[in-house]
Amino acid sequence: MLDQKHQDRVGNPREAEESILDRAAELGVLQVLDKEGRANGSLSEPDLSRDELRYFYETMFLLRRIDERGWKLQRSGRIAFWIPMRGQEAVQVAATAAMHNDDWIFRAHREMAPWLMRGASLNDLFAQFFGAADEPQKGRRLPCLIGNRSINLVQGPTQVGSFIPHACGVAWAAKLKGHDVKVLGLFGDGATSRSEFHSAMNFAGIQKPPVIFMCVNNSWAVSTPLDRQTAQADFASKGNAYGVRNLRVDGNDPLAVYAVTRQARNEVDELGPVLIEAITYRLGYHTSSDNPDLYRQETEAALWADWDPLRRTRLYLQGKGWWSDADEAALDVQCDEDIQAAIDDASSRDIPSSQSQFEDVFAESHWLLESQRERMLQDYQDGAE
Amino acid sequence: MLDQKHQDRVGNPREAEESILDRAAELGVLQVLDKEGRANGSLSEPDLSRDELRYFYETMFLLRRIDERGWKLQRSGRIAFWIPMRGQEAVQVAATAAMHNDDWIFRAHREMAPWLMRGASLNDLFAQFFGAADEPQKGRRLPCLIGNRSINLVQGPTQVGSFIPHACGVAWAAKLKGHDVKVLGLFGDGATSRSEFHSAMNFAGIQKPPVIFMCVNNSWAVSTPLDRQTAQADFASKGNAYGVRNLRVDGNDPLAVYAVTRQARNEVDELGPVLIEAITYRLGYHTSSDNPDLYRQETEAALWADWDPLRRTRLYLQGKGWWSDADEAALDVQCDEDIQAAIDDASSRDIPSSQSQFEDVFAESHWLLESQRERMLQDYQDGAE
Amino acid sequence: MAVMNVIESLRAAMAWEMEHDDDVIILGEDVGTAGGIFRTTEGLQNRFGAERVIDTPMDECGIAAHAVGLALYGLKPIAEIQFSGFIHNAHEQIMFCAAKYRWITGGQYSAPLVIRAPSFGGIKGGAWHSQSPESYYIHGGGIKIVVPSTPQDAYALLLAAIRDPDPVLILEPVPLYRTLSGEVTDNGEAAEIGVAETIRRGSDVSVITYGPLRHDVLAVAEELQASSGLNAEVIDLRSIVPYDVECLVESVKRTGRAIIVHEAPYSLGFGAELIAELQQRCFGYLVAPIDRVCPPDLPHSYRVGDEHYKPDARRIRAAMRNIMKYEY
Amino acid sequence: MAVMNVIESLRAAMAWEMEHDDDVIILGEDVGTAGGIFRTTEGLQNRFGAERVIDTPMDECGIAAHAVGLALYGLKPIAEIQFSGFIHNAHEQIMFCAAKYRWITGGQYSAPLVIRAPSFGGIKGGAWHSQSPESYYIHGGGIKIVVPSTPQDAYALLLAAIRDPDPVLILEPVPLYRTLSGEVTDNGEAAEIGVAETIRRGSDVSVITYGPLRHDVLAVAEELQASSGLNAEVIDLRSIVPYDVECLVESVKRTGRAIIVHEAPYSLGFGAELIAELQQRCFGYLVAPIDRVCPPDLPHSYRVGDEHYKPDARRIRAAMRNIMKYEY
Ligand SMILES: Cc1ncc(C[n+]2csc(CCOP(=O)(O)OP(=O)(O)O)c2C)c(N)n1
Ligand SMILES: Cc1ncc(C[n+]2csc(CCOP(=O)(O)OP(=O)(O)O)c2C)c(N)n1
Ligand SMILES: [Mg+2]
Ligand SMILES: [Mg+2]
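Residue numbers (our numbering), protein chains in the order written: chain X, 10 to 394; chain L, 10 to 394; chain V, 39 to 366; chain R, 39 to 366.
Simulated from the structure, these hints should not be mistaken for laboratory data.
Take these hints with a grain of salt, some might be off.
[As the list claims (entries may be wrong)] What the simulated footprint calls covered on chain L by chain V, stretch by stretch (three residues with Cβ under 8 Å from a Cβ of chain V suffice, anywhere in the stretch; the number is not a length): (1) 283-294; (2) 374-382.
[Said to hold, decoys possible] Pairs of lysine-lysine residues, derived as PhoX-like cross-links and limited to a Cα-Cα distance of at most 25 Å, are as follows: (3) L/LYS217 <-> L/LYS44; (4) V/LYS162 <-> L/LYS81; (5) X/LYS44 <-> X/LYS329; (6) V/LYS291 <-> V/LYS363; (7) V/LYS291 <-> R/LYS363; (8) X/LYS217 <-> X/LYS186; (9) R/LYS291 <-> X/LYS81; (10) L/LYS44 <-> L/LYS81; (11) R/LYS363 <-> R/LYS291; (12) R/LYS162 <-> V/LYS363.
[Claimed, not checked] Partial list, derived from the structure: chain X residues whose beta carbon lies under 8 Å from chain R: (13) GLN168; (14) TYR304; (15) ALA339.
C-beta: ideal position from N, C-alpha, C; glycine also.
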């Protein structure tokens with residue numbers, strides 16, 4: 010696989026591991042769908058209509074197309090950075106669907122489904138990638154770090170996991186205020202190693218705020234495999250250390266994710282927070298700066314290909330007679346058109362002025378920031394070549 | 010218990026809780042001794058001689074006397090601070106005995122047994138309380154924060170729990186260097202909430218260094234009871250979240266603590282680190298600054314009185330015919346004498362000069378520190394009244 | 039008007055605001071049942087309930103982080119850090135979460151929590167119970183810092199902190215908690231953050247300080263006036279982010295001399311920032327370099343004690359005398 | 039002598055020392071199999087084994103904390119923080135554990151770890167991937183800080199850091215990692231920590247900097263010499279704890295003017311400390327206030343970009359021109 014030169018340069022990528030999902034039943038990983046998209050799993054089909062399920066699939070499909078185009082935008086130098094989400098579409102679509110629109114979602118870095126499913130526009134999403142001045146975060150954050158208050162989608166600080174207690178705190182506040190607002194906090198397997206995971210679980214166990222913690226286990230944290238992240242075989246049962254209910258679900262099975270998340274939301278007031286481990290796989294690079302060949306075998310992705318959430322969902326819909334080749338072709342065209350239009354729009358928007366960075370440090374600026382701003386402008390004049 | 014005025018001022022101390030040890034068998038808390046000091050527990054008696062067991066008891070007794078005298082020194086204003094250890098003598102004596110002298114011990118803040126049992130002198134211990142210039146830490150740390158490299162006893166930084174990964178790292182280093190050195194890290198129930206507990210457990214599970222984590226569960230962290238510290242009923246099983254073996258032991262039963270710690274030490278190379286939860290009770294104040302009446306019922310201590318480790322150990326020894334009233338009386342006198350001599354010695358030693366604080370910031374001082382030191386001396390002259 | 043010590047005035051401010059604003063809650067280690075290790079929150083849990091006065095696990099990172107979440111949703115959490123020496127594990131949460139939420143979200147969200155941090159030396163506390171951590175919270179921006187040193191300031195600045203739309207760190211004067219009493223108007227009126235107080239008018243040198251040293255500096259100034267006629271101006275900053283630059287510049291231009299006195303160690307203590315700014319804004323007016331009096335770059339030693347660590351009268355006196363004699 | 043870029047020179051230094059000292063080990067996120075996200079440790083795990091080049095969980099607090107333990111026992115751990123923007127959760131462990139062990143134990147123990155922190159802007163990194171965190175590690179004492187900006191300095195200062203008996207934080211110049219190459223003598227010779235380099239002699243103004251800006255400042259100095267005859271002295275500090283005060287004082291006394299240029303934000307950036315010290319030591323010599331050129335008190339914005347955040351040529355030029363014109 011690796012030539013000798015390569016072997017000297019880097020460590021030895023370990024043997025490709027088969028998908029944990031092949032042992033789902035044995036490991037207690039909840040499923041509705043089997044590999045071939047048949048409703049054969051431990052969970053029964055949730056109450057979702059034909060239209061809802063088609064919408065799931067269409068959104069997953071759109072996410073994949075966005076990912077592909079975003080990657081190309083990065084590779085062609087039009088945007089500086091990209092964070093792939095390929096392979097992780099099901100968990101985010103189904104979890105978003107299971108929450109109410111008033112519920113807050115804290116995303117990690119690979120979830121765009123809430124943006125699409127809560128009515129924010131595709132054009133504005135691409136505007137974020139291009140750092141447009143009028144996107145909600147004013148072009149301040151790296152491409153793909155999307156947040157939008159109008160749809161209760163929070164992009165926390167960039168330290169992985171640092172926002173897990175924020176999700177918990179928001180839920181706690183909503184509970185104290187007597188609002189029917191729940192919180193979904195999404196984070197990766199790697200994030201469980203951070204201090205804030207520990208803090209959030211511990212406080213959640215005691216205070217019982219209406220928060221659903223969803224650990225999206227995609228097998229890797231950059232180059233770090235699961236068994237270098239923790240010696241405990243699963244992430245869900247870490248909840249036991251804190252008295253937090255927990256379960257494992259097939260994250261590539263949107264029906265299963267929907268079922269368990271919906272139930273968790275329904276029961277969270279009564280039974281308290283839940284830690285859901287959703288098992289999926291990062292089919293793409295960690296980010297556009299990554300090179301997975303250095304640490305994992307290409308064959309590993311192939312072992313997960315059959316578990317691809319798009320494939321399984323399509324098979325399921327087709328089995329029901331709810332999806333045709335014509336639907337697929339039409340969707341394909343539609344996605345391309347919409348994305349192209351979004352790129353055209355987004356890339357032509359204004360970018361933020363240098364002065365805009367001085368906004369929002371505090372609610373009101375103060376003399377020191379103002380003097381720094383004025384000095385910068387003055388220097389631009391005095392320092393002209 | 011509390012008069013009305015008191016009730017307005019403070020929160021409501023909760024009902025006194027019976028000792029967890031009353032349900033030891035049911036909760037899987039390992040014991041050799043029952044309440045009355047009979048070897049009736051789930052563990053069989055470890056291989057300890059009459060002399061060794063007498064030494065255990067004598068050390069526990071001495072610890073209690075030190076604690077009583079230290080408290081008085083504080084109350085009479087001769088030292089500024091005291092951290093009681095009353096009730097927690099057994100666990101520290103037995104755990105120290107179970108380790109080898111080359112093994113490192115990281116103490117929290119209530120463990121003086123290693124100092125006594127590893128051959129450091131009582132006089133030097135009291136010198137620490139008085140902040141003598143010649144005590145190992147040069148009088149820099151608060152009374153009772155004792156550390157002594159000559160006996161491999163480390164007093165880490167004062168942030169509770171911050172040193173747990175240091176213990177783990179030391180063990181890891183010893184392993185990498187191929188030394189037969191193990192590490193015992195002692196910390197409280199409260200410390201398990203800190204980030205560093207999480208970090209240490211997680212790294213330990215993966216790297217398997219020869220470290221024994223001992224969580225001394227004394228029912229309280231200042232005023233915080235166990236169920237406000239964690240929703241999980243026990244501390245030992247937190248180890249499961251990290252793949253770290255764990256068990257609960259009666260911390261007021263020196264034979265049980267010795268047995269499990271000894272076994273843990275013997276097996277640690279082969280089976281990896283262990284998290285031992287030793288259940289005891291803080292009979293005294295949190296520190297000399299504390300007032301437990303504000304948050305716990307006086308009756309609670311009474312519920313633990315029968316589980317007092319000194320009482321049980323004495324009963325055990327008497328049952329064996331290894332301890333007499335005459336022994337007790339002689340020990341009493343001896344302790345008083347030794348302690349008085351230590352106080353007389355320690356309180357007459359030099360205290361550190363103001364200049365000594367400039368030592369040890371770095372291995373070698375640098376110009377900036379030197380200029381600060383010179384400036385201070387100059388100011389003392391120039392600023393004389 | 040009532041006479042209160044600092045603890046009582048802080049408590050009165052919290053009680054006032056909790057009475058008038060249901061969104062205000064308190065969380066921290068031992069703040070509930072026990073009323074805090076200094077008894078600052080004594081009685082508040084009984085009065086406002088355990089849902090609003092919350093005993094947390096011993097986890098400063100978690101306390102700050104959950105306060106961030108509570109604040110994001112619109113509550114006004116007052117998080118107590120038991121001693122400012124234990125704040126450090128919350129540094130990321132305070133400086134790179136709370137202080138940055140408004141900016142990173144383009145102004146969409148903010149996390150206006152209050153962190154109460156008992157600070158400063160003077161109680162033989164050793165390296166952790168005598169800290170002045172302000173420098174770690176000034177650099178980078180996004181959080182305000184206030185430092186009251188009288189009962190009235192404690193009351194009014196804590197109220198201001200709670201009502202501020204941004205995160206605020208309040209460094210409380212542990213050594214004055216019960217030793218200093220004064221009249222406090224318990225009427226819910228907040229102070230303005232960012233305003234210094236000139237506590238002594240003078241013409242020879244501007245001595246700028248904050249925290250408990252306010253009182254020491256004032257005492258030395260009075261003494262030197264009496265003994266040698268040296269007429270010092272003494273300014274208590276009260277807020278350090280933002281600080282009252284106009285007050286300082288006006289004073290220093292008038293006196294031509296400035297000394298900064300604080301309890302945080304020397305290198306990159308807040309004095310460094312003040313000097314950097316003042317030497318620029320007052321350059322032509324200065325007849326001597328700006329001096330600073332502060333502890334050396336090392337921790338507080340239990341036995342060597344406060345006298346040889348925090349600036350004492352001798353060191354303040356020396357700096358004042360010497361700056362008057364300065365010649366180049 | 040070999041031509042290396044900065045990444046290669048850092049790697050060569052680690053390889054040299056691991057070859058010669060079995061106690062040196064490396065730990066961090068992705069440093070092993072993948073060779074680090076910048077490939078700085080590429081090949082080292084294969085060469086020295088997975089026991090000495092260790093992939094850790096994603097936990098900066100834990101990485102620093104375990105490095106402390108490893109160092110206490112006598113190993114020389116080199117801990118990589120993936121980006122210095124992620125160092126903050128290790129602040130307590132670095133500043134109040136590693137940096138204090140020697141002092142709090144009365145000199146009995148010490149924790150001489152090395153923290154490698156890829157730092158500085160210039161890669162469109164946004165608020166977390168463009169940080170200069172030095173200020174948080176200067177105040178309080180106990181840890182040294184070095185900042186190499188050439189391949190040779192990277193090599194020799196990293197070696198010095200590893201061999202130093204105290205903890206050392208090395209801020210590595212991300213934007214130069216692969217863009218700057220130069221001759222490196224790979225002979226195991228370490229630099230001396232605490233020594234600045236005067237990279238351009240001049241008589242009009244002393245421009246003091248560190249980090250990647252060294253190159254920008256030098257370029258502006260050359261340009262201004264050519265265009266207007268302004269003859270600037272340029273000093274690269276290379277070490278900031280301790281820094282080379284003699285070199286600075288000598289220079290500033292000679293030129294009478296000083297400008298500090300750095301990438302960390304303004305308030306309590308290291309510039310503040312340098313100014314505070316230099317205005318005192320060079321008071322009579324200064325013909326203008328000491329100026330600082332640095333980013334404002336806010337984070338790095340992805341789209342506004344590096345040009346309007348880190349000091350660019352315009353801002354450095356303006357400061358140099360204006361200080362020459364200063365009148366009061
Ligand atoms: C505190 C912190 N450390 C390191 C990084 C760099 N980093 C970004 S994503 C990532 C891995 C995250 O792994 P995981 O939580 O499993 O999420 P995934 O990327 O697999 O979706 C790392 C190390 C970071 N952003 N924050
Ligand atoms: C990080 C930190 N927070 C708070 C404190 C103040 N403090 C000292 S001991 C203690 C309680 C510790 O509880 P536990 O770990 O159970 O040990 P115990 O005191 O019961 O022996 C607290 C809160 C501290 N020293 N460090
Ligand atoms: Mg992952
Ligand atoms: Mg306890």
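So, going through the hints one by one against the coordinates:
Counting residues of the segment 283-294 of chain L whose beta-carbon sits less than 8 Å from any beta-carbon of chain V gives 0, not enough to reach three: the coverage restraint is violated. Only residues whose beta carbon comes within less than 8 Å of a beta carbon in chain V count, and the segment 374-382 of chain L has 4; three or more means the coverage holds. For the given pair, L/LYS217 sits about 36 Å from L/LYS44 by alpha-carbon distance, which is inconsistent with the 25 Å threshold. Restraint check: the Cα-Cα separation between V/LYS162 and L/LYS81 comes to about 18 Å, which is no more than 25 Å; the hinted pair holds.
Under the criterion of a C-alpha separation no larger than 25 Å, the hint pairing X/LYS44 with X/LYS329 is consistent with the structure, at around 16 Å. At roughly 18 Å between alpha-carbon atoms, V/LYS291 and V/LYS363 fall within 25 Å of each other, so this suggested pair holds. Between V/LYS291 and R/LYS363, the direct Cα distance comes to roughly 22 Å. Compliance with the 25 Å bound is thereby established for this hinted pair. Between X/LYS217 and X/LYS186 the CA atoms are separated by roughly 14 Å; this keeps the pair inside 25 Å, and the hint holds.
Pair hint R/LYS291 plus X/LYS81 does not hold up; C-alpha atoms about 56 Å apart against a cutoff of 25 Å. Proposed proximity of L/LYS44 and L/LYS81 is contradicted: the alpha carbons are some 30 Å apart, above 25 Å. For the hint linking R/LYS363 to R/LYS291, the alpha-carbon distance of about 18 Å falls within 25 Å, and the restraint holds. Taken as a hint, the R/LYS162 and V/LYS363 pair is broken in the structure, with Cα atoms around 52 Å apart against an allowance of 25 Å.
Among the interface hints, the one on X/GLN168 holds; its C-beta lies about 6 Å from the nearest C-beta in chain R, closer than the 8 Å criterion. Because the closest C-beta pair between X/TYR304 and chain R is about 5 Å apart, less than 8 Å, the hint holds. Interface restraint check for X/ALA339: the shortest CB-CB distance to chain R comes to about 35 Å, outside 8 Å, so the restraint is violated.
Hint compliance for this structure: hints 1, 3, 9, 10, 12 and 15 are broken, all remaining hints hold.
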